[in-house]
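Protein chains: 2
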Amino acid sequence: MFRKLILLLIIGLAFACKNETTKNENVEETTSLNVPTTYYTQYVNPFIGTSKMGHVFPGATAPFGMVQLSPQTNFEVMFEDGKYNTETYEYCAGYQYRDSTIIGFAHTNFSGTGHSDLGDLLIMPTTGDLVLDPLETPEGSKGFYSTFLHSSEEASPGYYKVDLDSYNIQAEMTASERVGFHQYTFPKSDNAHIILDMVYNIYHHDNKNVWTFIRVENDSLITGYRQTKGWARDKKVFFAMQFSKTFKSYGHKKYDEVIYDGFYRRFNQTENFPEMAGKDLRAYFNFDTEEGEKIQLKMALSNVSSAGALKNLEAEIPHWDFNKTYEETSDKWNKELSKIEVETLTEDDKTTFYTALYHTNLSPIIYEDVDGQYRGLDQNIYVSEDFTNYTIFSLWDTYRALHPLFNITQPQRNNDMIKSMLVHHDQSVHNMLPIWSHYANENWCMIGYHATSVIADAMVKNVGDFDKKHALETSVNTANVRYFDGLGDYIDNHYVPDEKSGSSVSITLEFAYDDWCIAQMAKQVGNTSIETEFLNRSEYYKNVYDPKIGFMRPKLSDGTFRKNFDPMDTHGQGFIEGNAWNYGLYVPQNIDEMVDIMGGKERFTQHLDSLFTMEIEDKYIEQHEDITRDGIIGNYVHGNEPGHHIPYLYNWTGHPEKTQARVRMIMDTMYGPTVEGLCGNDDAGQMSAWYIFSSLGFYPVTPGSPYYALGSPLVKEAKIHLENGNTLTITAKNQSKDNVFVQSVSVNGKLIEDHLLSHQDIMNGGELIFEMNSTPKKQ
Amino acid sequence: MFRKLILLLIIGLAFACKNETTKNENVEETTSLNVPTTYYTQYVNPFIGTSKMGHVFPGATAPFGMVQLSPQTNFEVMFEDGKYNTETYEYCAGYQYRDSTIIGFAHTNFSGTGHSDLGDLLIMPTTGDLVLDPLETPEGSKGFYSTFLHSSEEASPGYYKVDLDSYNIQAEMTASERVGFHQYTFPKSDNAHIILDMVYNIYHHDNKNVWTFIRVENDSLITGYRQTKGWARDKKVFFAMQFSKTFKSYGHKKYDEVIYDGFYRRFNQTENFPEMAGKDLRAYFNFDTEEGEKIQLKMALSNVSSAGALKNLEAEIPHWDFNKTYEETSDKWNKELSKIEVETLTEDDKTTFYTALYHTNLSPIIYEDVDGQYRGLDQNIYVSEDFTNYTIFSLWDTYRALHPLFNITQPQRNNDMIKSMLVHHDQSVHNMLPIWSHYANENWCMIGYHATSVIADAMVKNVGDFDKKHALETSVNTANVRYFDGLGDYIDNHYVPDEKSGSSVSITLEFAYDDWCIAQMAKQVGNTSIETEFLNRSEYYKNVYDPKIGFMRPKLSDGTFRKNFDPMDTHGQGFIEGNAWNYGLYVPQNIDEMVDIMGGKERFTQHLDSLFTMEIEDKYIEQHEDITRDGIIGNYVHGNEPGHHIPYLYNWTGHPEKTQARVRMIMDTMYGPTVEGLCGNDDAGQMSAWYIFSSLGFYPVTPGSPYYALGSPLVKEAKIHLENGNTLTITAKNQSKDNVFVQSVSVNGKLIEDHLLSHQDIMNGGELIFEMNSTPKKQ
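Those protein sequences? They're chains A and B, same order as listed.
Mapping the first sequence onto my numbering, position 442 (from 1) lands on 442, and the numbers just tick up by one.
Mapping the second sequence onto my numbering, position 405 (from 1) lands on 405, and the numbers just tick up by one.
No wet-lab data here; the hints were simulated from the structure.
Each hint should be verified, as a subset may be incorrect.
The list cannot tell twin chains apart, which means a pair is met if one copy fits it or any two copies do.
DSS-like mimics (lysine-lysine), calculated; alpha carbons at most 30 angstroms apart, straight line [stated by the list, open to error]: (1) LYS279 <-> LYS253; (2) LYS500 <-> LYS253; (3) LYS777 <-> LYS658; (4) LYS311 <-> LYS469; (5) LYS254 <-> LYS500; (6) LYS601 <-> LYS750; (7) LYS188 <-> LYS523; (8) LYS542 <-> LYS719; (9) LYS778 <-> LYS563.
With the hints as constraints, model all of the structure from the sequences given.
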């Protein structure tokens, strides 16, 4: 009861803050909206990271919303060589800041991923002669894309605006969890159109469609679905789309072969015929508009059925008040963002921080209808009885820091996410937890079975009420699927032989860590035999260490190490998206022993020093799309995940000051409040979660253990408002840009001696105090 | 209560009959089954009509079953020219009797249609080296098809057997409503296979797939689905397939492009990997078999989900007793067949009769899971609360005699079928009743909106408890969809102008009849204004009659008749699948007036005489696939539907004796107990329903009226056991092959003077007595 009161008090304070602050000079003017600017959302700039490698989007979404509605710009390249844009990697989120044309607004987008999919249900308003081709018509004239200027763009959590200059149309959008809300301000026209492009896809733009289906239910309501065979091989998105104004006519163009035309020879089904189906469809709806007339459009999604989408539409946005929806969504964002209140040295840092926090609240997404119905991995429909179902588990990335962050900021959601992973296992024909899953599909991207890490981390931190024994069972099942990615060989040989996999070392290291996580679960539920078995497996990392050269190295089935081996090369050397120098330091489950077998603290310190300072030849960079000069420091790659723990490893070599300096340097150089403010893929929030943790002065080097490695906080002060009602106040005394060295750390008056902060210390709330200085603490 | 007792008594008698008769010399030996041969099923020969144009199948099915499991032979042509068989029309039901090879057994088949689809989930057992191509391997060697001999085939209602000589495998199959039950007797082999071919389709064999999905749930259970874009543009068939024996290994071959191969480069997913997805898949399951070992396989279907299929499997066949399922299905058939007990002049006639009755119990099919869930026309899932949902409505064919027959033999099912049509309307984005619908899709085949006829016929005959007012509303909605097939022009011009449709006359005639049916409904529910409106519309047939030439004739928008016009030609003359000579006699709603405007009784009699006797030039036949010499008499086409009422029209010209002779002649020449026993497409039972009615001595010339036109019975005696508990006994006194002329007809002692039998007279039960003679009754 007492805790509840405190919680209410905190929420009250947060709302008070919000109401006090109506405007701030740092906020871009949102002239088109007459809503008060909230306190924390003002520090979010959704354009941060939208240039180059960040792969985030500037569009409108609610926290963890199924609808992530964002402009799609990825057709620029065509104009240069006259051909179709085949560059897909840069457009994982559909938007690149350098572009000057928009082809429409899509309702689903990944945030920060390094491979992609989605881009469902592209909407584009136009005027003038109807053009149904996005880029160029068959006759060679301009497609329906529009030019735009960044000066007309505005974005804040839950809101996006742009002027489509080619048509003199202002486009605004907001969203609830399951519904995108568009507002288009038209010029006077007797030839205005809203196009629903069902062909457009992100990544491999036009060849992923399996089937599309549209019904014009009445003069303002459209339903239907699209099925694609993209990264998710059997993905279905159902929709219900409602216009605020009845259209005067409509039609569609179909691009695929029609087998049965018995119907077509008698009727005209391309115009004003309310049923459309085919592999590839683009539909259009025609309007007369007055000068300045607003046409609104609500697009509800469902992964169950169009009936489900209609239900979602009616439940979430039963009105036409655009500002009301935006305000509600903005309030939801403020609630999430106000969970960590920070004071920083600069306003820029605050923007970077809150934008990072924003980016950690975009994935995974809610993946069920308002009534709890959702599509399972077997394509059957289920009802989530005691949880909210989520999807988009980019686990190779997010187990590292994002899910650990959720254990502090989003324990209830993380509990639901774990329950979602457990039902994924239960529905999986492989009896496996998710590897990289989205939209009721396993896409098998990357390696390891890191759902085990997420589960173990929650268990040791006492987060959630999921079934612990079942969680262990699902993990053990997963860890015994012999056909999965060398796992049978790993079980038999105690390492993955080089002949069996091009990523044999990376896989062996990560399996071993995941096995340690399973052992931690077993310990939690008191299953000693499983604990012993998996602790044993967690030692297998040693089998790919070659003490002769001091590197992890591919080993053949006969037990000998591979002869030709280049520890600098990221290709064909037994690692995936990394090399032996950086990826080879991945033994988070036993760092002391890793340091020991790698030659002890001094040698390991030298390895780390070299890693961060060595000059790297171009040939080692240019061959891999995930590694660019932007995201690297020496041979350390912050732009990708395998090394995210590395800056903290100095803590284990007796040189915590090197960790402190390095993490401050990384926060300073690899993040920032600009469109280039992410040095690599945000990867569903992992890159941002690294920043949040590091800003606060600690990092979960070993998820599955209840400890965080201490670093050097960037904030002057932070208040973490916990779901248990407690507040942890972090204070960096004597904080400055130069004072990156921590002299002492105390939690509630107790000095921390071992560079580890416990989760319980956080949960207890109170005071975490860092004493800062410009010189390292004397040993 | 009294009626109930009578009903029980009848059922008891039927079962008694069945049990008394265990064997009959006319029955083919079913040596492989130790089950008693039932009385009525013995007279059914499913091979009747499987040659040439009948388009029926010999496979196993329960009455109106969703699973209609039948051998597919349609690859013969390839061997002649070395190319793929492009002949599709002959293979609407997958089987042509002349063929000598089988490529497998498919679970869905239309019965008798003139266009096709389905052929889902082809199963083929083989031995020896695995071959996954049905016809020919890429290297040019033999595909997985097998030769067979008709001497090894057996078929009876609910059972089919054949020896697959290429593999020395005996194949047997039976079925419940939703589950196909296979039993394969193998030779000794360490290399036996059961192939699940998800590529095979009937009609346009290999290009209809949209998506296929397979999960190997465990070592004997497979689930999945297939989506096709065939005649039904968005058809989904889900399945659950269980083997009686665990397979030793499995795999698949995929024929389509894979976009994302990130997975494939690391795993082998083609063998022993339990998840398969793609446009085109063929899966195989490997077994070791002993000599004579039986491997059984149960394949359950669902149109909802694979979970639904599994539920159907468990509910309908929870065991492995093949004979038990066959016996249950055989009992169901006997129950249906025993509703009409006939005594005939010859055993051949009895076989023809019961096989025709069998063919009238194959379509429409039950289209819902055991729990009432079904897929609606909008692709959403519904639950049938107070009815059983049916699909396959070949209404242009079946409104004529099949649904009227159901009003006698299957009133409860016809009520359910009408309710299925009403929900079709409610789910239709067009607000239309079905035209030609199957598998939650409208395929728009043929013309008119004849669901109105089915509904009106049931209403005037007091069949069913469907909502009459809603039925009228759905009919009026349907009759006002202006974009449908010239309907707007019909409403505006009072006929369909020739410029607007190539079938303008046929459409005008049928719309006018359907409008009369709507007027009958309106009369039933007391809506005078609708009755008047649609009675008025029902007169529009007159607007396409050209009194100058005495034929129905295409009329232009300006009100003049088309100049170039050939009343013999079936192409481009305003008719569809017919010509002015035969199709032009279609005014069932007012035959007296038609006769009158066409020159009166004598001239009309001459027209009919000419129609049946004229010599027809080859050029008028060969151009149309639906008309062959087999099905025509002069210029009368019995092999197609538009003329089915014509032999009965003499009743309206004062020459009932000509009707009597003609219908006996048609029964004698157009039907028979052989594989060529259907002179044209059975069309979902319409052709057979014509035979049943005509055999009994009457025919529903005007569905929507409560009267039947009298003909000349073929039977010596028939007992119709009605659902109301009454029995109508039809007796043809002095019956013989030559005594085709009816001297008098009386019902319960009352002489019928006007050649019309009322439905009430049938429902009352009692005695319907025909006095037969070899010469016409004296006028």
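Checked hints:
Taking identical chains as interchangeable, the C-alpha atoms of LYS279 and LYS253 lie at most 30 angstroms apart whether they share a chain (11 angstroms) or sit on different chains (23 angstroms). Proximity of LYS500 to LYS253 under the C-alpha cut-off of 30 angstroms is restricted to the inter-copy arrangement: shortest distance 23 angstroms between copies versus 48 angstroms within a copy. Only within a single protomer do LYS777 and LYS658 lie at most 30 angstroms apart by alpha-carbon distance; the minimum there is 11 angstroms, versus 118 angstroms between protomers. Only between protomers do LYS311 and LYS469 lie at most 30 angstroms apart by alpha-carbon distance; the minimum there is 29 angstroms, versus 36 angstroms within a single protomer.
In this assembly of identical chains, the alpha carbons of LYS254 and LYS500 lie at most 30 angstroms apart only when taken from different copies (24 angstroms versus 45 angstroms within one copy). Taking the shortest alpha-carbon separations for LYS601 and LYS750, only the intra-copy value of 27 angstroms comes in at or below 30 angstroms, while the best inter-copy value is 115 angstroms. Proximity of LYS188 and LYS523 under a CA criterion of 30 angstroms is satisfied in neither setting, with 69 angstroms inside one chain copy and 52 angstroms between copies. For a Cα distance limit of 30 angstroms, the shortest separation of LYS542 from LYS719 qualifies neither inside one copy, at 41 angstroms, nor across copies, at 87 angstroms.
Taking identical chains as interchangeable, the C-alpha atoms of LYS778 and LYS563 are never at most 30 angstroms apart, the minima being 44 angstroms within one chain and 110 angstroms between chains.
The structure fails to meet hints 7, 8 and 9 from the earlier list, while all remaining hints are met.
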